Amino acid sequence: MQLVLISGLSGSGKSVALNVMEDSGHYVVDNLPATLLPQLVSHLRAAGYQKVAVAVDVRSGASIAALPRQVESLRNMVDDFRFLFLDARDDTLIARFSETRRRHPLGDDSMTLAEAIAKEREALEPISELGQRVDTSDIAANTLRNWVKQFMNLEAGSQITLLFQSFGFKHGIPVDADLVFDVRCLPNPHYDPVLRPLTGRDQPVIDFLEKVPEVERMIYDIQGFVASWLPAYVHDNRSYLTIAIGCTGGQHRSVYVAEQLGARFREHARVLVRHRSFK
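Quick note on this note's numbering: the sequence shown kicks off at 827 and runs consecutively.
A couple of the hints might just be wrong.
Dumping the calculated DSS-like pairs for lysine-lysine here, alpha-carbon to alpha-carbon at most 30 Å [as the list claims (entries may be wrong)]: (1) 996 - 945; (2) 996 - 975; (3) 877 - 975; (4) 996 - 1037.
In case anyone wonders, no lab produced these hints; they're calculated from the structure.
This one's a predicted model, so the numbers in the text were calculated from it and none came from an experiment.
Generate coordinates for the entire structure from the input sequences, incorporating the hints supplied.
Structural data, given as structure tokens:
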């Protein structure tokens, strides 16, 4: 059986992720108390279900505190266990609730929306590092759907997954980053009018950056750091490690460096490359 747990902040995109799971043939259960997970898995396995996705979040009440203990037992119950935790900045969550005019699950007349979000974040913090954490602050719903599909297409196993993620510092550092590298000191193609509308995946920008020795030196140093410490993260039972590469706008330098690093690590680990500043 494959079991996918989905959790995260209200407004971070859990419904989008669940819809992807349902469209891919998973039996979907939303808002299940964490204490009932083992019974659910046993029941669905006996009924012949092979792919199951369950959303567990703050709506489960006090039972959410049991999730860390349940995760360990669930890993032993199924062949393929995955945990996706969706997060977003407070300002993004407030804007999304304002747009949809929906009430926050913890909201009442005694607290503001910002206070309800802060209370939910505090309640979910103990489980936020149990699986792959994804910051949805600056990505559209279609982009999130594609990211979830990539997450699901990864082969099961003990091999660690490296996620190289480009971003722009002017948009903020991704909250799901485990390691952050700043490449703003490298020459910026933005100041070339011909290169400005392009990205780090376009050949003219690649040619521009390949001619700069400092760019290769930066990539080599980041590669060496990640490779040196990767065994320690594996020993720490990490299944996922997100390496964020940032430049000013997240369009040229960080994109090129993330692509280069992804290509160099594909022989040693499962690799995903993401770019936050464009689809």
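Enumerated hints in conflict with the structure, sorted upward: Nothing - there is no hint that the structure violates, so all of them hold.
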